[in-house]
Amino acid sequence: MPLKKEPSCLGNSKDIALKRLGSLWNRLARDDNYLNLYREFLRDYERLGHMKEVTNETEPEITYYATHHGIYRPEKSTTKLRVVFNCSSLTDNGISLNDIQNNGGVIQEDLYAQMLRFRTYTYAFTADIKMMYRTILINPKQRNLQRIVWCESEQESPKIYELSTVTYGTVSAPYLAQRTLTQLSMWMKRLTSL
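Okay, so the sequence shown: first residue is 0 according to numbering that gives the first Met the number 0, each after it adds one.
It should be emphasised that the hints constitute simulated quantities derived from the structure, not laboratory data. Take the hints with a grain of salt, since some may be wrong.
Within a straight-line C-alpha distance of at most 27 Å, the following computed DSS-like cross-link-like pairs (lysine-lysine) qualify [unchecked claim]: (1) 79 to 18; (2) 158 to 140; (3) 129 to 79; (4) 18 to 51; (5) 129 to 51; (6) 51 to 4; (7) 3 to 13.
Given only the sequences and the hints, what does the whole structure look like? Please build it.
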């Protein structure tokens, strides 16, 4: 994650995340379908290795706990629930993770340049990369800045998880995705020229 400020300027976010988890549970408890989809989403997130439970009892000096909520649309035929990680959630000193991130700028060509280049080749392909952000790992040293709290039921004590991949609620996510694609294409050019 490109940062423009030191993470040490972040305040306490865990208490806010725990409070928001309580509010989330109030909503989840009212709708079994919503609850089941939410649980399933986070179980898949963990099963795929996109988040890992933190078992170390010692809290690092610098952490950021993102809040999360669901956008639930039961009428949709494809994705009825999308879980949003809110990295703009303020810490107790009024600074969020997104406030200290550098967005990285725009490195993607504009559409006109892409269309011109697209026409110069005999063959071309396009793709929609499913879960694109979730295929890009975050530096393990920065994962303590992408923590969440979650519990499977209201009766359970909340557990702490670290998100292992680029999170779509972060300012730098679009840049990191595009930068990764650019780097992969550079590596492929080098490999094919050998």
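Hints versus structure:
1. 79 to 18: Roughly 25 Å between the alpha carbons, so the hint for residue 79 and residue 18 holds.
2. 158 to 140: Holds, at roughly 20 Å.
3. 129 to 79: Within the cut-off at roughly 16 Å; holds.
4. 18 to 51: holds, 21 Å
5. 129 to 51: Distance of about 21 Å is within 27 Å: holds.
6. 51 to 4: Cα-Cα ~26 Å, so holds.
7. 3 to 13: holds, 22 Å
The structure agrees with every numbered hint stated previously.
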